[in-house]
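If you use the numbering used here, the sequence shown corresponds to residues 1 to 333, in order.
Worth flagging that the hints you see were computed from the coordinates, not collected in a lab. Positions of the beta carbon are idealized from the N, C-alpha and C atoms, including for glycine. All the given hints hold, so there is nothing to weed out.
Now the in silico label distances, taken between C-beta atoms and shown as ranges:
| # | residue 1 | residue 2 | range |
| --- | --- | --- | --- |
| 1 | GLU278 | GLU76 | 37 to 43 Å |
| 2 | GLU188 | GLY315 | 34 to 40 Å |
| 3 | PHE108 | SER54 | 25 to 31 Å |
| 4 | SER253 | THR195 | 17 to 23 Å |
| 5 | GLU133 | ILE196 | 43 to 49 Å |
| 6 | ASN217 | ASN172 | 20 to 26 Å |
| 7 | GLN80 | ASP58 | 25 to 31 Å |
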Amino acid sequence: MKKVKRAVVGLFMAFVMCFGMFVGVAQVAPSSAYASVLDQATVGVSVPDNEEYSEIMDCFYQANLDVGWVIFSYEEGDLQDQVDSIYNLIHAGVDAIIVDENNVPALFSVFQDAMEEGVGIIVLGDYVPGCPEGVLFLSIDTYYDLGINHVNWVYGDTSMTGNATVYIFYHNELNGSFYRKGILDGLEDHNFSGTIKMAAIDTRQDLDAALNNWFGNGDDGASSINEIVTHSSILAEDILQRYYLEGYTDADSGTGIRAFSTPSGENQTRSAAPSLEEALDEEYERYLDAIEEAVYTVIDFLNGGGISGVQIINGCYVLSCGFGPGYARYVSR
Numbered sequence: 001m002k003k004v005k006r007a008v009v010g011l012f013m014a015f016v017m018c019f020g021m022f023v024g025v026a027q028v029a030p031s032s033a034y035a036s037v038l039d040q041a042t043v044g045v046s047v048p049d050n051e052e053y054s055e056i057m058d059c060f061y062q063a064n065l066d067v068g069w070v071i072f073s074y075e076e077g078d079l080q081d082q083v084d085s086i087y088n089l090i091h092a093g094v095d096a097i098i099v100d101e102n103n104v105p106a107l108f109s110v111f112q113d114a115m116e117e118g119v120g121i122i123v124l125g126d127y128v129p130g131c132p133e134g135v136l137f138l139s140i141d142t143y144y145d146l147g148i149n150h151v152n153w154v155y156g157d158t159s160m161t162g163n164a165t166v167y168i169f170y171h172n173e174l175n176g177s178f179y180r181k182g183i184l185d186g187l188e189d190h191n192f193s194g195t196i197k198m199a200a201i202d203t204r205q206d207l208d209a210a211l212n213n214w215f216g217n218g219d220d221g222a223s224s225i226n227e228i229v230t231h232s233s234i235l236a237e238d239i240l241q242r243y244y245l246e247g248y249t250d251a252d253s254g255t256g257i258r259a260f261s262t263p264s265g266e267n268q269t270r271s272a273a274p275s276l277e278e279a280l281d282e283e284y285e286r287y288l289d290a291i292e293e294a295v296y297t298v299i300d301f302l303n304g305g306g307i308s309g310v311q312i313i314n315g316c317y318v319l320s321c322g323f324g325p326g327y328a329r330y331v332s333r
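All chains, full assembly: derive it from the sequences and hints.
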């Protein structure tokens with residue numbers, strides 16, 4: 001059975017305009033302010049009671065925003081529990097409520113009730129048609145989502161075979177761990193029957209050891225279709241360099257080496273950092289830096305200030321946050 005999409009750790013954002021049916025503007029001011037700039041705003045949170053959403057919200061809490069937080073976690077999959085938690089927050093007198101993207105169509109009337117009480121609604125997820133006007137959607141890509149998307153990308157390749165080997169290179173930090181989880185869940189959803197190999201990379205020695213082992217054992221993909229996937233363009237380029245040294249050249253098919261670009265959307269394949277470890281950390285920091293802008297979007301929404309980069313879709317505010325388009329390279333002998 002298809003797993004419910006998980007929104008994993010909130011160490012996640014870069015801003016990408018991706019909707020076609022909207023009025024795009026540089027800055028949009030919400031029609032109503034939900035909190036006075038002179039008073040401390042109070043934000044309610046209604047998300048599933050699980051570790052993944054807890055970590056998303058931790059990023060908001062740790063951003064040192066001058067807001068108070070009221071949290072009602074609900075039992076995952078229990079719509080009535082979610083509805084009750086939102087009404088509890090309304091009755092608690094919060095200025096706005098952050099909700100997850102699950103069950104949004106079933107919550108439209110609840111959202112309307114909240115806004116009639118002067119409570120703003122912020123959804124961590126994609127815009128949903130039919131939603132009452134005035135809701136703010138923070139359309140977020142996480143590293144887990146990135147892993148899921150990468151599997152779908154791989155399976156979109158007509159040369160992918162059932163007995164292929166998928167090599168997962170991931171940064172030995174939270175970003176890489178959640179990316180790996182997304183890849184594994186995505187492969188399971190596709191009933192992947194091939195071989196999965198993984199390498200956690202933090203230093204140049206880690207990468208060299210993994211590549212030495214695979215090339216030494218003849219697992220480099222010379223005789224079959226294989227996929228090498230990573231969330232890091234820095235890792236992807238260094239892996240490519242090793243394949244070139246082993247006599248591989250760029251090709252139209254063969255071993256596929258895939259990576260999404262950096263969170264800025266740029267294809268930054270090199271870094272000024274003196275070591276791979278520092279380069280990976282630098283890439284991760286760019287990812288973390290972007291969340292700060294998204295977090296302050298919540299404050300702009302509360303105070304009725306202009307929100308940079310926001311789109312209006314049928315009266316709702318949408319800020320799309322995601323990774324760059326990435327790339328795929330093939331090498332063969």
